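Start from the sequences and build out the full structure, keeping to the hints where you can.
Here the protein sequences come in this chain order: A and B.
Counting with this note's numbering, you get residues 6 to 279 for the letters of the first sequence.
Counting with this note's numbering, you get residues 15 to 469 for the letters of the second sequence.
If you're looking for bench data, these hints aren't it; they were derived computationally from the structure.
Everything hinted at is true.
Restraint-style ranges between C-beta atoms, simulated for each label pair:
hint: 1; chain 1: A; residue 1: A271; chain 2: B; residue 2: A94; range: 46 to 56 Å
hint: 2; chain 1: B; residue 1: A132; chain 2: A; residue 2: A189; range: 30 to 40 Å
hint: 3; chain 1: A; residue 1: A136; chain 2: B; residue 2: A134; range: 22 to 32 Å
hint: 4; chain 1: A; residue 1: A136; chain 2: B; residue 2: R179; range: 26 to 36 Å
hint: 5; chain 1: A; residue 1: R278; chain 2: B; residue 2: P133; range: 19 to 29 Å
hint: 6; chain 1: B; residue 1: E220; chain 2: A; residue 2: N40; range: 58 to 68 Å
hint: 7; chain 1: A; residue 1: F262; chain 2: B; residue 2: P133; range: 38 to 48 Å
hint: 8; chain 1: B; residue 1: P133; chain 2: A; residue 2: A147; range: 18 to 28 Å
Derived, one-sided and incomplete: chain A residues facing chain B with beta-carbon distance under 7 Å:
hint: 9; residue: I161
hint: 10; residue: A164
hint: 11; residue: M167
hint: 12; residue: R168
hint: 13; residue: T188
hint: 14; residue: T195
hint: 15; residue: L196
hint: 16; residue: A199
hint: 17; residue: A202
hint: 18; residue: R203
hint: 19; residue: G204
hint: 20; residue: T211
hint: 21; residue: Y213
These numbers were taken from a predicted model, which means no experiment stands behind them.
Each residue gets a CB set at the ideal place from its N, CA and C atoms; glycine is no exception.
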Amino acid sequence: MNPRALAAWSVSGITIALATGNPVYRVLVLLCALNLLVALRRPDASLRGLGVALLVAGLIATAVTTLASHTGDHAFLVLPSSIPVLGGPLTVEAAFFGASTGVGIAAAVLAAAPLSLVLMPNSLVDALPSALARTGAAIGTALNMIPGIARSATEIRDAQRMRGWRPRRVREWPDLAVPVVLTALEGSITLAEAMEARGYGSGARTHYGAVAWAWSDIAVCVVAPAAAIAFVALRLADVIGDWYPFPTISVPPVNGFGVACCLALALPALVWRR
Amino acid sequence: MNDITVASLEHFMYRYPAGGTNALDVAHLRIHEGLTLVTGASGSGKSSLLRVFNGLVPHFHGGTVGGRAEVLDHDVITTATRVLAAQVGFVFQDPELQSVYPTVERDIAFGLENIAMAPATMTQRVGEALDEAGIAHLRSRAVATLSGGERQRLALAGVLAMRPRMLVLDEPLSQLDEDGAYSVVSILGTLARAGIAVVVAEHRLELLASLDGRTIAVEAGRVADGAAAGRRRLGNAAIIAGAQRSIAATMAWELDDVATGPARIPVVEGVSLAGHSGEVIALVGPNGGGKTTLLRTIAGLLRPLAGRVDRAPGRVAFLPQNPMALLHRASVAAEVAWTVRGDAPSTDATLLIDELGLTHLAARDPRDLSTGERQRAAIAAVLAGAPRIALLDEPTRGMDDAARNALCCAVARMRAAGGSIVIATHDKNLVAALADRTIAVGAGSARELAPVAVA
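If you want it as structure tokens, here you go:
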């Protein structure tokens, strides 16, 4: 798959997820993104951490809206009004609105997730336009150094602990932070030296294994943005209705064109193979 | 051996920006096709000299330069490193800090991308370089998953892909196990015989004994022609240190049926070992075999996945592979003083600094020292104050013979005082000089090797 096509798909998914408050469309975007991640994620990429984080974010959004809103006709619990902020009726409408917000956040994050869980970080950097090639190389190199810095921090902490370092106050943490920063700087200089020694900066560059555009990439690159543009246009024209549960909860309106725009995001999972 | 001159230095001098004296002062030097071995003590100027051949000195490091230096008909002083890079390949000492991209084949292609090679030719060159370096099986691997030896060969492949006419290597064997080192040596021999000028600075000379070539010796920045590369052995310290443990041994640490490894994945299993006071144990085995993992487990830095670890009361000293993990005070003396802070004043720290040849460097910032000098400073920092147990991970990395002898003396003295020492090393001479017992670590287990009779 072409990284630029996947980036176009991600932007399209995020656009639809954020253009509506209707949970039906948000759920459809979320399912399409999840389908793509399950089908195409890198073998070394785990979905567990992301899944847990999104679940927690969704629960927090639901809980905060439910506890703080107090708007809506159907109260299921009334907290004493003496409790600041939280006191008052807790309503079904607020709970659903909070859950819908959580789904929207999850859909947008999952639409962006393939850029890190499907592609290697450098694939995306390589896909930058040639005018940004040097910036891209700098970003790619920095990304490549992150694991080394984390290892170095562990190594330094262990070495200092073995010499009796037991931090009890915040002001003792520079004993760890300073050598980590210095080591990272020194590593950066050595890497810059190695890059210079391998001819970096000598002029125009070519790219190894540049991914060619396949018909499936072109299809994704055309269909996904077209779906996003159509969705936003229909939303602005009020053809695709939004959803607002206050004061009384109602069933979200569903429009066939809106559903079609969302389902168009399922295309990559059909035409791309890992 | 070919006499075609590839590089020459005439009345060449170089001083680092903050340097008080000349780092290099070379009256006359010629490098020919074939192998050239650069020898010299730690801090003598070997690395600076090597960096002249691809222009990193002076273009990357700055400073003051004079005289004349030519490499492959280019004036080094007026030609940028990135231009010389197309013909001069450079392999640095630390393979971990040379990889630019996260996958093997992508990293090898980095230099070819920089010279704007056509993608089709690049693919072919990457394949050839993988074969030449003997790492074709690693083509799709993530760099982060490679062992030190594999990484060094990756760095070599990245340079070979450029088809350089001159190849410069700064201590390329210092982190490799014996198999990995001989594999690199074999590649270097092939390249030298093919007419490429191969310039190697290395302390592990015994590994290069099979190669024909010239030797140049660097001392305090000055260069003299030397004899042909030959086998060197540890000196007096090896004899001093070779004495077996003599005092009544008490248990200092014990592993009982231990399984251990990072990220909860066992690297070694079923390990039952004990170390005693007044004893030196050597852990030997291939890169990635589990030597460091065992040391960290004994130190208490890694919790065992199964089994039990016991340590007798007392301080445990741990020397990590990277000495800069330890050294972050303003001077070598301050590093040593920090270790023994709170202890009663003793002459031990001063003696150790002197014994390791660091007296003239005691006021220097450790980050301004050469690799070998940093290693000695780190050893002084961990061994100061008479620890009960000392765990040393590759302590002779980057060390010259004199420094290795000094290390042997310091370890022998600690053993005589009842310390228990465990050394993970690829250095056979060090093992022969110091080890009372040798444990082979690899293939998921650790087993004791039978003692070798001393003639």
